[in-house]
Each structure stands twice: as structure tokens, then as C-alpha cells.
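J.: One letter stands for each residue in the lines below.
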Amino acid sequence: MARKRLIQAMNEALLEEMERDPRIVLFGEDVKASLFGDTKGLWKRFGPDRVRDTPICEALISGMAVGAAAAGRRVVCHMMFGNFIYTGMDAIANQAAKLRYMTNGQIKLPITYLAVSGGGRSAAAQHSDAVHPVLANLGGVKVVMPGSPADAKGLLKAAIRDDDPVFFLQAAGRGGEAGEVPDEDVVIPLGTASVRRPGRDLTLVAIGAMVRPALKAADALAGDGIEVEVVDPRTIVPLDLETILGSVRRTGRLVLVDEARDTCSVASHIAALVAERAFDALVAPVRRVTVPDCCIPYAPVLERAVLPGVEQVEAAIRATLAWRRPA
Amino acid sequence: MARKRLIQAMNEALLEEMERDPRIVLFGEDVKASLFGDTKGLWKRFGPDRVRDTPICEALISGMAVGAAAAGRRVVCHMMFGNFIYTGMDAIANQAAKLRYMTNGQIKLPITYLAVSGGGRSAAAQHSDAVHPVLANLGGVKVVMPGSPADAKGLLKAAIRDDDPVFFLQAAGRGGEAGEVPDEDVVIPLGTASVRRPGRDLTLVAIGAMVRPALKAADALAGDGIEVEVVDPRTIVPLDLETILGSVRRTGRLVLVDEARDTCSVASHIAALVAERAFDALVAPVRRVTVPDCCIPYAPVLERAVLPGVEQVEAAIRATLAWRRPA
Amino acid sequence: MVAGGSNLPREELLEMYRRMVLIRRMEEQLARDCAAGKLPGPVHLYVGEEAVAVGVCQHLSDRDWITSTHRGHGHFLAKGGDPAGMMAEIYGRADGICGGFGGSMHVADFSKGIIGANGIVGGGIALATGAALAAQLDGDGRVAVCFFGDGAANQGVLMEALNVAALWKLPLLLVCENNGFSEFSPSATVTAGSIAQRARPFGVPAVEVDGNDVVAVWQAANAAVRRAREGQGPSLIEARTYRTRGHVEYEVTFITEPYRDEAEVEAWRGRDPIPRFARRLVAEGLASAAELEAVEGSVARIVAEAVRFAEGSPEPAAATARGHMFATAPRGSAPWPGSG
Amino acid sequence: MVAGGSNLPREELLEMYRRMVLIRRMEEQLARDCAAGKLPGPVHLYVGEEAVAVGVCQHLSDRDWITSTHRGHGHFLAKGGDPAGMMAEIYGRADGICGGFGGSMHVADFSKGIIGANGIVGGGIALATGAALAAQLDGDGRVAVCFFGDGAANQGVLMEALNVAALWKLPLLLVCENNGFSEFSPSATVTAGSIAQRARPFGVPAVEVDGNDVVAVWQAANAAVRRAREGQGPSLIEARTYRTRGHVEYEVTFITEPYRDEAEVEAWRGRDPIPRFARRLVAEGLASAAELEAVEGSVARIVAEAVRFAEGSPEPAAATARGHMFATAPRGSAPWPGSG
Ligand SMILES: Cc1ncc(C[n+]2csc(CCOP(=O)(O)OP(=O)(O)O)c2C)c(N)n1
Ligand SMILES: Cc1ncc(C[n+]2csc(CCOP(=O)(O)OP(=O)(O)O)c2C)c(N)n1
Ligand SMILES: [Mg+2]
Ligand SMILES: [Mg+2]
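Protein chains in written order, with the working numbering: chain A, 1 to 327; chain B, 1001 to 1327; chain C, 2001 to 2340; chain D, 3001 to 3340.
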């Protein structure tokens, strides 16, 4: 156990996994220089055969990952920013998400696509989209969003060892976040949520970058004797619905925090699942704290206004607790 | 008023609008030959300047639409199949959906993207995706899904006259569907749902191709004295939530039918909105009838199994009506 | 004596002839089946272009990779795919090579190195580049071949692949099947300049070849495949050919105006690669008319057997429709919605 | 007497000099502001490449269109964008040219034909092609110019644009700013062969030009823009240049190992287009040292005024953050979520 930044935890996971499995090949734009630090040192350690800088051509590299995986490699493909996933979307949506199904399971596609996702650093609209709802809707790719450095390491290892295409989305601006990271080879199975804080009054589901403001809001409310249970699903596909439903069945109330535009967000989807499967347990409306259906602006004051923050989470929780069925 | 096929209604709308506004330019792959019939005759009528066959290069044409619109044209850009929207996704998500916002509203982007969407014809996974949830999550594009020939005409006219990027998604296999289409210049404002059938027992929201099975299910249930209100939102972005909420407040029960993969579907989103805004009115869980999180298969028996059909809709309605709060 | 001065032994020539005939007769069967309403989905036939797939795949073993197109039956069969499995697939049956999940546009057999047909025009280009990367890492001389159309050559991903394959010296062979049309658009209206030339700025060697001459294709592919196996990098072959049937089998039902001259089609029928090759084999004394007749006979039996197999195969079970989405079964994923 | 045998009148030469100096001093200001932590987001400076934007835009009026890149300040200013509006934008202020919604990577002014900087590498290519289509339909001789980097030249959309522009004879000028790097990757590692050559297979004329020589750029652009205005179709110019600053202003904080030789950077500093042009103007008797000094003075005032304007501008109002998503206000759209 040692205190590490999230990006270091990712770097360790990549290093250890590439050490462990010589069939892993990693490529992407400037993975040698490593803008974010996640791929730092890999080129030196594993050489130019297994670690390759590509030209700027997302449409090709996202599909090359599929071809190389189909031909027997385990692939890590760096897409850099979430928005560039749109640039490489064709092969992601039409090939990676479908090739196994269309061929009746003839092949495995062990691919980990890496990208930072979301806003918070005045990188503006073309570098700040949270792309997980779009990916989740494709059906054929798994989606992982770590909420802590330890989770980042354990989930990235699981993603790499997984035999399916997995998107590992690191929250933009969270690479520097520090936390305890186990030294051992801990692998966190995809599809297991983490209850980050127990509580009996309300279930607060928070995804990726939103775990931090969620925990802060829960802390703040604890001062008022309000006990919020914070659940971090950790992976969106597969989704550990049982943990969420179990929590809601105990608390009767649900708020969701998702750094996605509201329409067709993961928050909406989980809300819908709960409104279907735990309807009888609900005693108040299910509230979502999401990004409005707009782009992410540049100016910090504007960006803060559209990204979910602690106050909005608190307000949503208070409103949910205060809600009474109209007479 | 005359009986016409949906694709004819679209063809008429395109013809009338291009006649009306000489600044409209239309392009796409084989729009001259017209695979679906929607652009039939336009090349002859308006000539090779305004109606252009492009090479196969979706990444370019989706972005050319933005450039031409920014430079003052009204654009109709044919993307052919919904899956090819993924191929052209970069400019759609990063430019069309953002350029106006990023530049503080300096420009309008009057673009209508046409595509068929969804399955039902054994075209298999790469020609059958329902792409509306992905588009709706982008925030910056409107999404129209006509449920009848008359709506197709009125909504396509509205889409073309709209000053924003609009995706007009015609349900695959519904081009042949016939219905009464007004001869006059009827324009249906985007964001107005249509109550296709009134009823007091349950609200059934059905989108695009799903309107037909929804109406059939409602018909069948009427025989048992069950009165289902069928609401067709007609446009997903903007969404006429008021009509839906109003209906649910009367009926207390909601079932949604959406030909989208379940995760992050529009069905999920509307369910979430209702579970938030009309919670107190709900007397039963909100059920979704959607496509499971898989690809669309080729063999008819498999495809029928994954696409929502009349029986599934009926079953969901009956289950919702039969539901009793556990003691 | 070898055909056209190639170094091809007689057995190999006859084998290529046999494969071309097999592809043709299989597709003629599919054309009839389609007309009879027996096929659930669309089919794009390769009739007239068989020499390209056969001339190229003759150099490949099951360990080499190919990616194909929406017009992929020929590539599948030329690379050694099972005719019966293909037929059952296109019929939408449980014993289809993809269990009925894929259909005509997705016939694939990874055990034979067939990454598969593709419904996305240009979709195979990146896949083949990735397979070439894997092949390079394997280091045992495998190659990846990408078949694509002249229409697909206008997808930018082709140039992205040329760039990366050139930089990394990937064992990749790009085979453009220029059949003169991109759906219903004649090449001249949608394809500027020369496709082969598009490889040059990247330093990738490119040749144009008569795609209706199987020996010429064989020769061009021979040089390119050897280059790739020896680690010298990618090549491009532009094979000029023609599809003598429609873009898609039922096109007359929705394409109301002709998009090409019947005379042009007739002229190309005169260059049909199969009779042309047959005449040559006979003229050069490499095969007798009787031998070629025997090929027809054996192929007819294979086709009949494929039809019998496909017709005898059951429809897939509806309960399996969710299919094989994931190899690692997802934990805790929500059960099928709509189940009430 | 004209510089380097061009037909450029003295006034035009001085105007180009002035614009280059303006771009340089504005960006030097931004570099200081960035180091001082005054800029909320990343900035990619154009220092060393000014001759390209200026040499090209000298041919354009407000009615012509340009698209630009993540390194877009130079294009914005060369095309006549307002320095104060740009500065305020990069400061994230309400009076920014985009109201603080866009920032450095999205400076745009449609009234000046500036479709804008772009955070997507290669993103401007399709936009410029579309603008060229609109210009062609307008039929009044407008052109569209697309600036893009050597790294962007590896995006397939470039070839898609070359193809369509060639087929349709669009009034499009593609200007590749080859500064030797694609982020931290030297061109040789990510760009095969010659970029200019990539235009040839499409029949699009292409020239390579010294991008640090504004007169040479002017001349190349002169021919290309004339061609476009006369309806003869697209051209490509590859301007060889170099960025003497980092890829992005704060790169030393995360790029721990050098990716290029300091000696190489020094050598290119010796070819700095501004002093080089100054020497030439003086040597050819077209300007006196005092005149050039006066340019510095007037530019310094513009920069100071821009800073003053930007600093004096308020932050945008949080309540406006949803901005101008749609031009036609959506009916019945759900109100902002999370409002409880
Ligand atoms: C990305 C994409 N765009 C468009 C289509 C529709 N489409 C199917 S085949 C075809 C023409 C392909 O032409 P070419 O590559 O020359 O192959 P050919 O059909 O001539 O064999 C088109 C446009 C598609 N399947 N995929
Ligand atoms: C689609 C996309 N991929 C990757 C990036 C990240 N990125 C920003 S600038 C850059 C390098 C661009 O190189 P070049 O086009 O030569 O322009 P230069 O920076 O040299 O001016 C990259 C890879 C991006 N912004 N967009
Ligand atoms: Mg073709
Ligand atoms: Mg560069």
C-alpha cells in the first residue's frame, strides 16, 4: 500500500500487465511522450515493437485494434481525449462492438481503449465531452470509470485481462488525484460496484469523476445527521444493478450524479432501472444531477456552472429528503 | 389529402422545400439514383449544382454539411443508413453539435441529416442500429422520428426550415407504410408530441417505428376493455415532455416502447424524467420495451426475437396493470 | 508449359479454375434463391470478378488473414471457406458459418483466416492493417490482405492505412477491386484520378492489373505477397474488373432508371474471366474440354450439397438471439428488458 | 522595386510585416500570461510560423472563408480578426469574440469569414470543403482556405476532401503547415513520404514552399487563389516551417524528456520569418529601420489595448452557461436537470 496519483496507478497497471503478458501491444498518438503520464516509460521498457506511436488517424487506429485483436493480440489502444472517440467511432461502433456477435462468437476481442473523458479544465467543448453514455448504448463494448487510484489500478488490470473491448475512461483532471494503492496484483472484477460510504437515508449513485463531489456532499450532510449511502458503480457496462437496487430498497430514495449530458445519460438509465425494479421501495422522486444538454464551455465560471458540483448534489439530496407526497 | 407511402411523403417534402428555398443544397451517396426513394427525381428537377452525388466518405460529407451551412447554405445531407452516422460521427459530434455554441451563437447551422434507422429487414448488425439515443446525447443536434406518412411530411418540412442541425430518422422498412398525407403545406413544429389514441388506463409512449406495434397492442387490449393512451413524441430532441407528463398524471401508469438498445435508450430517459417529475402520479413501475443490449441479428427468427413486437408491448402493459404494491 | 508465361504449375491453374467456377455457381444459385424469395436479406454478387479473389488467395494459407467487403462470397470461398456453411449462413440457418447471426455481408471463418465480409464500405481496411500488425509481431511470415472496392478507395481510412503500413513496413496487401461502380455511381463521377497512384506518395508500390485475367492477378499478388512475407512492407494492387450483375440482387425493384449501358455490360460479359481462362487453358494444352466439364460436375455437386445442407439446417433458436456479445460473461448485467 | 521579384507593392509588403509582428507580439503576451497562470486553458502558439497565415490571408477578403487549427491565433489575426476580442476570449471573458465559450482553440469570427480555430486535428478540412461548396454555389468568386498541420495531413479526411474538391472543382485551397512535428512526434516517425505529393493522384496541383518566407508563401497562394476564383478548382500548398516554442505552452510540466534537439530549434530561430523579412525589406530599400520600429510601436499599442480590454471585461455570467445551443428555440424541452 502506498499513496499514489491515479495516473501512476494506471501506469503501474499497464506496466505490470505488459510484463505479465508478452502478447500485449499498445499504440496510440504520442504514447511514447505520454501526455497524461499513463503510458510513461512503456516504450523504453517494452520497445518500439510493442509500444507504438501512431500518426493522427483515429479512424484507423480504433479499427486496427480490432484487427490485431482478431488476429490474436491483446491490444491497448490509446484514444487520448474522449472526443476523439467520435473521430474513431466507425470501427468502435461498427466493428469492435459487433464483430464477435456477427460471427457467432468465433473470436474474442481483447482490447482496452484508453481515454480521458469529461471536463473541468477549461479545455472547452471539443476536449471535454463525457462519452460513456454513447459507448454504453453500443451494447458491444464494456465501459469502466474508476473513481479512485486504487480502483483505477485494479480495474485497468481487469480491463486488460478481459477478453472483450473495454473502454477505460479516466476522468479529465483527476489524474493527479492521490490515494492508497495496493502493491499486490489486485484485480477488481468488472461489474462490481463499490459502496464508498454506507448510509440509511438515501442512495447516492456517483460515476467516475462525480464520486469525489458526491463524497463531499455526503460528508457535509452527515453534519446535519443525514446519512447518505454513496455507491460508485465503477463499471457502466456491465452494471452492478444488484448493489444499487439493494441500497435503494434499504433507503427508499435515490439521487444520481453523472458528468454526462442529461438526455440518455447513465443517470437516466439507472433511474429508469430503479423505477422499474424497485418502484415499490421508492418513497420520493428519483433525481439526477447531470450536465445540461449543452456543450462544455471554456471560461471557468461557465464550466463550473454546467458541471455537477457539491452544492448541486447537496441540493438534490435535500430536496429528495424533503419531498412529501402531495395531499 | 391523399393516401401515400411514407417515403413519398418525404419525397414531396424535399421537393416542395427545395422549390421554396433556392438556397437549399442536397448531397449524399447515390441521391440521384435514390436507394430509398426519398430523393427520387430531385436531381432531374434541381440539377447537378443543388443535388450532388458524393463519393463514399461519410467523415467528409457530415462535416461539409457544417461548412456549407456556416457559409450560408441550407443543407440536406443524406447519410443513408443509421450505422454510417458512426462513420461520419466526428463532424457530427465535434462540429455540427458544437460550432454554434462554441462561437457564442455567431452562426446558424440549418442542416437536415437524413438516414434510415433501425432493423426489421434482415440487413444485419451493420445496417440496423437505431442511433437516436447516441444522437440525443450529443446535445447539439435535434432528432426527429416520424411515426406516420403525414408526420413524415410535416416534420421533414419543419426540419428543413429549422435553423439547427436536425437528424431526420426514417424507420427502416417503414418507407412503404401508407397513410393519409395532407396536400397543403403543413409544417409540424418540432417538439410537439401526438396523442395517437386517447385512453385512461395507461400511457404508452412509442417512438418512430414502434408506433405501429404500440397502436396494434392498444387495439388488441381495447377488446378487453383496457384503454391505453398512445403518445408518439415524434421528436426526441426537443422532447415534448409536457404531453407525456400530462398523460401519465391522468393514467398513473407508463410503458415505453423504443427500438433502441436498452442501456441509455430514449425509453430510459423518458422513464427517468417521469420518475422525477410525475413520481407522485405513478401507481406502478415504469416498464420499457426495448432492444436487449446486443446487435441486430440477420436471421428473421433472431431479429424478431430482439425487436420489440406487439406481444411484448401487450405483455408489458398487462404486467403494469396487474402490478400491486407488495403488502 | 505454363499459362501466359507464368511459372504456375498445371495443378495450381486448374485449382484456380475450379475455385472461380465454384464461386460463380454458388452465386448463380444465390441469384435464383433471391429471385425465388428464399433469402431473408440483401445479397451483393461477385459475378464477373472471381479472378481477383482467386488469383490473390492462391498465395495464401489458412494462417494468412483476409478482410473482405459487402460483396464477399468470392473472397470467402477463394480463401477456403466452406460452401455449405456459407450457404446456410445466407439462408439464415443455425448451421451457417456464423449461426445465422451475420448473413451474406458478414460471412467469416477465423479458423481459415477469413476476418470476414463487411457491411461498412472501407471497414475492412483498418481491420486488415491491425491483422498485419499482429502478423508482423508474430514474425512468422504471415500476411494480411484487404479486398476493397473502388468506391471504398474514397474512404479516407485507406490513406491512413497506407501511411501507417508504409511507416511500419506492415505485411499488408491492399487489393482494390475496381469494378467501375460505387453502387449506382460510375467511378468517373465519384473517384478522381487513379486509385493505384494514391499509394505512391506514401512510397507504397502499386500496380494496375487486368482483374479479369486470373494469371495476371496471380502474378501481381505473387510479387506483393512475397514482398510482404519478406518484411519489405505493403503494396497495392488495383484490379480492373466489372460486375456484370447488379449492385445488389433486387435492385431493379427500386432503381427505376438505368445507370449504365447494356452494351457496356455486354462487352464485359465478353471478357468474363471464367470462359476466358477456360479458353486459355485449352488453347495452351493445359486442360481438355472434358476436364473443365468435370470441374463443372464436381462444383455442381458441391453447390447442390450446400443447398441441401442449408435447407436441412434448422432456423436458429429465438432464445439464443442475444448471441455471443461478450467473451467474458458480464457480471451483474441487467436481464433482458421488456420481460415485465 | 518589389521584394524577391514579386509584384508586391510596398504597402502590401509592409502590411504583411505588420500582421506578422502583430501575431508575434500578441502571442508573446499570451506566453507571458500563460506562465503567469492567467489563462484558464491550454494555448498552442504559432511563433515562427506567422509567414504562412499572413502570406496566404493577404489574398483574402472578409467574404472568403478560412478554417484553422488548434494553433489558430495567427490565422485569426491574419484574416482580420480583432486582437482585443481574441485576447478577451483566451482570457475567458464575456467580451471575448466567442463570449468566453470557446477559448483559444475556438476563436472564430464569421463576419470576417473566420470559421474558426478547431480543437479536432483535421476538423477544419471538411468544414472548408463545405464552405468551398457554398462559395461555388454563390458563384461570386469567393474561396475557402483550409489551414492544417503536417500531423493533420495523416487524417484520412484530407484525402476525402482532395477527391471531392477535385471532382467538383471546388474553390478550395489546402494549406499544410508542415512544422516538422505532430505534437511530440517528429514528422518522419508519423508521416510517410511527401504531403504535397498526396494531392497529385487526384489531379490537384500542389507546391512546396518555404513557409518562413512570406513572399514565397504569398506567391504560391496568389496562383492557387486565382485558380480557385477562376473556377479551376482546388490546390494544395505545403509550407515548410517550424514551431520554435513548444507544442502547447505548459508542456515542460508534463513532457519530461526532450523530443527534439535544442540545436535544431536554434537553427530555425535563425530562420525566423520576421527578422528575415525585416532584413529583406531594409536591404531592398522598401522600408527603413525606423519604419519597422514604428510598426513595433503601433503593434505594442494594439497588444496593450487588447490586454486592457480583456482584463477589463467581466467574466461571463454563470446563468448564461447553457449558451446558444440552438438557433430555433426548442419547444417543450426539459428544463435544466439537477435543479431539484
Ligand atoms: C460506410 C458505408 N457507406 C455506404 C455504404 C452503402 N454502400 C454499400 S456498397 C456501396 C458501394 C461500394 O462500392 P465499391 O467499394 O466500389 O464496391 P462494389 O459494390 O463496387 O463491389 C455503398 C455506397 C456502406 N455499406 N457503408
Ligand atoms: C482528432 C484529434 N486527435 C488528436 C488530437 C490531439 N492533438 C492536438 S494537436 C496534435 C498534433 C497536431 O499536429 P499538426 O497537425 O502537425 O499541427 P501542429 O501542432 O504541428 O501545428 C494532436 C495529436 C486532437 N486535438 N484531435
Ligand atoms: Mg465498385
Ligand atoms: Mg505539425
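Certain hints may be false.
[Stated by the list, open to error] Here are the simulated DSS-like pairs of lysine-lysine, each with C-alpha atoms no more than 25 Å apart in a straight line:
hint, chain 1, residue 1, chain 2, residue 2
1, A, K44, C, K2169
2, D, K3169, B, K1044
3, D, K3112, B, K1108
4, C, K2112, A, K108
[Claimed, not checked] Using C-beta positions, here's what the derived DEER-type ranges look like:
hint, chain 1, residue 1, chain 2, residue 2, range
5, C, F2254, A, K44, 57 to 65 Å
6, A, P189, D, K3038, 40 to 48 Å
7, B, L1015, C, E2305, 31 to 39 Å
8, D, A3318, A, A220, 15 to 23 Å
9, C, P2186, D, E3305, 38 to 46 Å
10, C, E2230, D, E3264, 32 to 40 Å
11, A, P326, B, G1223, 31 to 39 Å
12, C, R2032, B, G1223, 56 to 64 Å
13, D, A3318, B, E1311, 27 to 35 Å
14, A, L15, D, G3231, 55 to 63 Å
15, D, A3318, A, A322, 45 to 53 Å
16, D, E3296, B, R1045, 38 to 46 Å
17, D, V3252, A, E184, 32 to 40 Å
Simulated from the structure, these hints should not be mistaken for lab results.
The beta carbon of each residue, even a glycine, is placed where N, CA and C say it ideally should be.
J.: Next, verify each hint and record whether it holds.
T.: Here's how the hints hold up against the structure:
For the given pair, A:K44 sits about 21 Å from C:K2169 by alpha-carbon distance, which is consistent with the 25 Å threshold. As the CA atoms of D:K3169 and B:K1044 are separated by approximately 21 Å, the hinted pair is consistent with the 25 Å bound. For a cut-off of 25 Å, the pair hint linking D:K3112 to B:K1108 stands: about 16 Å separates their Cα positions. Proposed proximity of C:K2112 and A:K108 is supported: the alpha carbons are some 16 Å apart, at most 25 Å.
Separated by about 58 Å at the C-beta atoms, C:F2254 and A:K44 satisfy the suggested range of 57 to 65 Å. Here the CB-CB span from A:P189 to D:K3038 is close to 46 Å, well matched to the stated 40 to 48 Å. The given range of 31 to 39 Å is broken by B:L1015 and C:E2305, whose C-beta atoms sit roughly 52 Å from each other. Restraint check, D:A3318 to A:A220: a C-beta distance of roughly 21 Å satisfies the suggested window 15 to 23 Å.
Remark: the range hint 38 to 46 Å for C:P2186 to D:E3305 is contradicted by a beta-carbon distance near 58 Å. The hinted window of 32 to 40 Å between C:E2230 and D:E3264 holds, with their beta carbons roughly 35 Å apart. For the hinted restraint 31 to 39 Å between A:P326 and B:G1223, the CB-CB distance of approximately 35 Å keeps it satisfied. For the pair C:R2032 and B:G1223, the beta carbons lie near 44 Å from each other, so the given range of 56 to 64 Å is not met.
About 50 Å separates the C-beta atoms of D:A3318 and B:E1311, a value inconsistent with the hinted range of 27 to 35 Å. Evaluation of the 55 to 63 Å hint for A:L15 and D:G3231 yields a pass: the beta carbon distance comes to about 58 Å. Between D:A3318 and A:A322 the Cβ separation comes to about 25 Å, which falls outside the hinted range of 45 to 53 Å. A C-beta distance of roughly 60 Å is found between D:E3296 and B:R1045, which places it outside the suggested range of 38 to 46 Å.
Restraint check, D:V3252 to A:E184: a C-beta distance of roughly 35 Å satisfies the suggested window 32 to 40 Å.
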